[in-house]
Amino acid sequence: MPSNKSVSEEPITQFVNCRILKDHQLQREDLWVREGKILNPEKLFFDEEGYADHQVDCESKILAPGFIDVQINGGYGVDFSQGCDVRGGVALVSKRLLEHGVTSFCPTLVTSPPHIYHKVLPEMEVHDGGAEGAGVLGVHLEGPFISREKRGAHPEHCLRSFQQGSLTDLLEVYGSLDNVSIVTLAPELPGSPTVIQELVKMGVTVSLGHSVADLSQAEQAVQQGATFITHLFNAMLPFHHRDPGIVGLLTSDQLPPNCTVFYGMIADGIHTNPAALRIAHRAHPSGTNTLCGSIATMDMCVRHFRKASGCSVEAALEAASLHPAQLLGISQHKGTLDYGSDADFVLLDDSLHVKATYIGGEEVWRK
Amino acid sequence: MKLVILEDYVQSSEWAAKYIRNRIVQFNPSADRYFTLGLPTGGTPLGCYKKLIEYYESGDLSFKYVKTFNMDEYVGLPRDHPESYHSYMWNNFFKHIDIEPANAHILDGNAADLQAECEAFEQEIAAAGGIGLFIGGIGPDGHIAFNEPGSSLVSRTRVKTLAKDTILANARFFGNDLTKVPTMALTVGVGTVMDAREVMVLITGAHKAFALYKAIEEGVNHMWTVSAFQQHPRTIFVCDEDATLELRIKTVKYFKGLMHVHNRLVDPLCSMKVQRS
Numbered sequence: 001m002p003s004n005k006s007v008s009e010e011p012i013t014q015f016v017n018c019r020i021l022k023d024h025q026l027q028r029e030d031l032w033v034r035e036g037k038i039l040n041p042e043k044l045f046f047d048e049e050g051y052a053d054h055q056v057d058c059e060s061k062i063l064a065p066g067f068i069d070v071q072i073n074g075g076y077g078v079d080f081s082q083g084c085d086v087r088g089g090v091a092l093v094s095k096r097l098l099e100h101g102v103t104s105f106c107p108t109l110v111t112s113p114p115h116i117y118h119k120v121l122p123e124m125e126v127h128d129g130g131a132e133g134a135g136v137l138g139v140h141l142e143g144p145f146i147s148r149e150k151r152g153a154h155p156e157h158c159l160r161s162f163q164q165g166s167l168t169d170l171l172e173v174y175g176s177l178d179n180v181s182i183v184t185l186a187p188e189l190p191g192s193p194t195v196i197q198e199l200v201k202m203g204v205t206v207s208l209g210h211s212v213a214d215l216s217q218a219e220q221a222v223q224q225g226a227t228f229i230t231h232l233f234n235a236m237l238p239f240h241h242r243d244p245g246i247v248g249l250l251t252s253d254q255l256p257p258n259c260t261v262f263y264g265m266i267a268d269g270i271h272t273n274p275a276a277l278r279i280a281h282r283a284h285p286s287g288t289n290t291l292c293g294s295i296a297t298m299d300m301c302v303r304h305f306r307k308a309s310g311c312s313v314e315a316a317l318e319a320a321s322l323h324p325a326q327l328l329g330i331s332q333h334k335g336t337l338d339y340g341s342d343a344d345f346v347l348l349d350d351s352l353h354v355k356a357t358y359i360g361g362e363e364v365w366r367k
Numbered sequence: 001m002k003l004v005i006l007e008d009y010v011q012s013s014e015w016a017a018k019y020i021r022n023r024i025v026q027f028n029p030s031a032d033r034y035f036t037l038g039l040p041t042g043g044t045p046l047g048c049y050k051k052l053i054e055y056y057e058s059g060d061l062s063f064k065y066v067k068t069f070n071m072d073e074y075v076g077l078p079r080d081h082p083e084s085y086h087s088y089m090w091n092n093f094f095k096h097i098d099i100e101p102a103n104a105h106i107l108d109g110n111a112a113d114l115q116a117e118c119e120a121f122e123q124e125i126a127a128a129g130g131i132g133l134f135i136g137g138i139g140p141d142g143h144i145a146f147n148e149p150g151s152s153l154v155s156r157t158r159v160k161t162l163a164k165d166t167i168l169a170n171a172r173f174f175g176n177d178l179t180k181v182p183t184m185a186l187t188v189g190v191g192t193v194m195d196a197r198e199v200m201v202l203i204t205g206a207h208k209a210f211a212l213y214k215a216i217e218e219g220v221n222h223m224w225t226v227s228a229f230q231q232h233p234r235t236i237f238v239c240d241e242d243a244t245l246e247l248r249i250k251t252v253k254y255f256k257g258l259m260h261v262h263n264r265l266v267d268p269l270c271s272m273k274v275q276r277s
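So the protein lines, in turn, are chains A and B. With the working numbering, letter number 240 in the first sequence gets 240, and the count goes up by one each step, no holes. With the working numbering, letter number 67 in the second sequence gets 67, and the count goes up by one each step, no holes.
Bear in mind the hints are in silico, worked out from the structure with no lab data behind them. One should not assume that every hint holds.
As the list claims (entries may be wrong) - Going by beta-carbon spacing under 10 angstroms, a handful of chain A positions derived as facing chain B:
no.	residue
1	Glu29
2	Asp30
3	Asn40
4	Pro41
5	Lys43
6	Leu44
7	Phe45
8	Phe46
9	Asp47
10	Glu48
11	Glu49
12	Gly50
13	Tyr51
14	Asp53
As the list claims (entries may be wrong) - The calculated label-pair distances, taken between Cβ atoms and stated as ranges, are:
no.	chain 1	residue 1	chain 2	residue 2	range
15	B	Gly219	A	Gln27	45 to 55 angstroms
16	A	Glu59	B	Lys95	12 to 22 angstroms
17	B	Gly59	A	Glu99	30 to 40 angstroms
18	B	Lys180	A	Arg87	18 to 28 angstroms
19	B	Thr179	A	Asp128	26 to 36 angstroms
20	A	His333	B	Asp98	25 to 35 angstroms
21	A	Gln27	B	Glu100	24 to 34 angstroms
22	B	Thr161	A	Ser286	23 to 33 angstroms
23	B	Thr179	A	Asp338	22 to 32 angstroms
Stated by the list, open to error - Footprint (simulated), chain A over chain B, 3 or more residues, beta carbon under 8 angstroms:
no.	segment
24	84-90
25	93-104
Note that beta-carbon positions come from the ideal geometry of N, C-alpha and C, so glycine has one too.
In isolation and in its complexed conformation, chain A is listed as follows (with noise of 0.2 angstroms):
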């Protein structure tokens, strides 16, 4: 049946016999997609007198908006810090991610020493994804602001204090910010604030991460505009009974008003114990955000967090995909299945495994 062609002329594709994701629920709806966007499909039917086109069965399947990975170093062989082939190597695991649902992701670079920020980033363009691979929302730059304490793996020559405290301090050591979406850095470091003040109005998200800061300190920055921790527990101090640190951030009543927190964890089962996992959760319901680990794939973490956290299918889903395009700012089109919302999804079984991958309303891998 050919759709009323009174508003576009555009093939109209409608899913059903799936379970989808929406207003925070599993819910038996279709869901209609023409040019890679979510249609209202009410008003097709009544405003264009349209229907559809095609018809997908999705054999009762779960239908969630596609994982959005913010923190991703690499994979498959792939090192993004690394600067050589930078192109082929984003192209290879954009492509390999879309096996675990991701459709969206943050190419992560851990502290580097200049030359690196500055070959690599201008090759790391945002873009839409598709058949190609999963989408680049932009690149997430964890480092080398951060404590030398809790560098972890990274390079301790390459690390770097703030000079001027200001934006010159980040634009020598990464050349330039155009395709920057995060940068983690660690708010103890003095000249902090204002560079945390001069990201967020440029638009880019601070985070937290491998800092050694304490409760007040995390909450100034918190109050300059800092919305995420990076790997929460990982590499920061514990949570301590008279100052919990970073990690208090989750229930600390001095942040600004409307302003949520988010915190990514690694939900592999071996960055954090399942009860670590737990307890935030539950403090902070609607901060989290599934990061993968070192071999563990988004999908894999989203198993594992919902198994270790307890919580609903719909609450592990929004941790991988509402969470993160909330923190980046960008949930009036990715992160949902809202109407209007670009039509990237991934078909799931009920133990959530991922079926097929979908961005823009074309399939784009199937198991």
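Let chain A serve as the given structure and place chain B on it in line with the hints.
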């Protein structure tokens, strides 16, 4: 009239749905000959719509060659407001079946010229060959569609101001906030429904019992507009036991005694599957 009394809401909804199914299937609609249905909204027909959707899903009934005309729509409520009758029909019926969008007609309560919209609706009904089966409900004040007490029994589609009773009854759909309930609506007239070749009125629940009594056991009266159907050649009232609570025992016994006759209208149950093979 036929007064069909079933035990409860579920059974009366099912009987009504079976009847509608049989009428459509037996009519055997096609691209040259559509079946035209008049449709209601509100709480009462929900069970009936659910059964009709089941019949579509099982392949026994198709709405491909059915044209529908809804009875009414609020004035001034945005079309995509969750309580608009457009939203009601989409969510409870249209999105689950195979009706073609161009064949689903609902009055536009946001039209620039409401009077013209009403006149156009009457013309669309005429162009479709008139309504074959008009399904309606009854308000606690005995109204059909939004033909409030005092509406002319020969009225046509027009703008009506809603009675207090109706606004109160509708408040539950607007968070019980009377200020949010629309005060005007576009509605088919009593005369419009009387023009249908057949009328089926669904009446369930004790709160509708008095209205049913007034509609069928007292005279034709514009204060209880459903009473107009006493003068229609083919009307069926489908109700549950609770809705008969204000009727004379004699009336109820008589019609219950006719159930074996009435049931021949729904048994055997026809299916489009049989027709195709």
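For each hint, the structure was consulted:
Given hint, Glu29 (chain A) at the interface with chain B, holds; its Cβ is 9 angstroms from that chain's nearest Cβ, closer than 10 angstroms. Evaluation of the Asp30 (chain A) hint against chain B yields a held restraint, the C-beta minimum of about 8 angstroms falling below 10 angstroms. Checking Asn40 (chain A) against chain B: minimum C-beta separation of about 8 angstroms stays under 10 angstroms; hint holds. Here the hint on Pro41 (chain A) is kept, as its CB sits about 7 angstroms from the closest CB of chain B, short of 10 angstroms.
For Lys43 (chain A), the interface hint holds, the least distance from its beta-carbon to any beta-carbon of chain B being 7 angstroms, beneath 10 angstroms. Because the beta carbon of Leu44 (chain A) sits about 8 angstroms from the nearest beta carbon in chain B, less than 10 angstroms, this interface hint is met. For Phe45 (chain A), the interface hint holds, the least distance from its beta-carbon to any beta-carbon of chain B being 5 angstroms, beneath 10 angstroms. With a cut of 10 angstroms, the hint placing Phe46 (chain A) at the interface with chain B holds, because the nearest CB-to-CB distance is about 6 angstroms.
For Asp47 (chain A), the shortest C-beta to C-beta distance to chain B is roughly 8 angstroms, which falls under 10 angstroms, so the interface hint holds. Proximity of Glu48 (chain A) to chain B holds as hinted, the smallest CB-CB distance being about 8 angstroms (cut-off 10 angstroms). Taking 10 angstroms as the C-beta contact cut-off toward chain B, the hint placing Glu49 (chain A) at the interface holds, the least distance being around 4 angstroms. A distance limit of 10 angstroms between C-beta atoms decides the matter here; for Gly50 (chain A) the minimum to chain B is near 7 angstroms, and the interface restraint holds.
Annotation: interface hint on Tyr51 (chain A) holds; nearest CB of chain B at approximately 6 angstroms, less than 10 angstroms. Checking Asp53 (chain A) against chain B by beta carbon gives a least distance of about 14 angstroms; that is not within 10 angstroms, so the hint is violated. Checked against the hint of 45 to 55 angstroms, the C-beta distance between Gly219 (chain B) and Gln27 (chain A) comes to roughly 49 angstroms, which is consistent with it. The supplied range of 12 to 22 angstroms is met by Glu59 (chain A) and Lys95 (chain B), whose beta-carbon atoms lie about 20 angstroms from each other.
Between Gly59 (chain B) and Glu99 (chain A) the CB atoms are about 37 angstroms apart, so this pair conforms to the stated range of 30 to 40 angstroms. For the hinted restraint 18 to 28 angstroms between Lys180 (chain B) and Arg87 (chain A), the CB-CB distance of approximately 56 angstroms leaves it violated. One distance hint, 26 to 36 angstroms for the beta-carbon pair Thr179 (chain B) and Asp128 (chain A), is violated here, with the actual separation near 46 angstroms. Hint check: His333 (chain A) to Asp98 (chain B), Cβ distance near 31 angstroms, so the stated range 25 to 35 angstroms holds.
A C-beta distance of roughly 25 angstroms is found between Gln27 (chain A) and Glu100 (chain B), which places it inside the suggested range of 24 to 34 angstroms. Judged by the Cβ atoms, the range 23 to 33 angstroms given for Thr161 (chain B) and Ser286 (chain A) is violated: they are separated by roughly 45 angstroms. A C-beta distance of roughly 29 angstroms is found between Thr179 (chain B) and Asp338 (chain A), which places it inside the suggested range of 22 to 32 angstroms. Counting residues of the segment 84-90 of chain B whose C-beta sits closer than 8 angstroms to any C-beta of chain A gives 3, which meets the bar of three, so the coverage hint holds.
By the rule of at least three residues with a Cβ nearer than 8 angstroms to a Cβ of chain A, the coverage given for the segment 93-104 of chain B holds, with 6 such residues.
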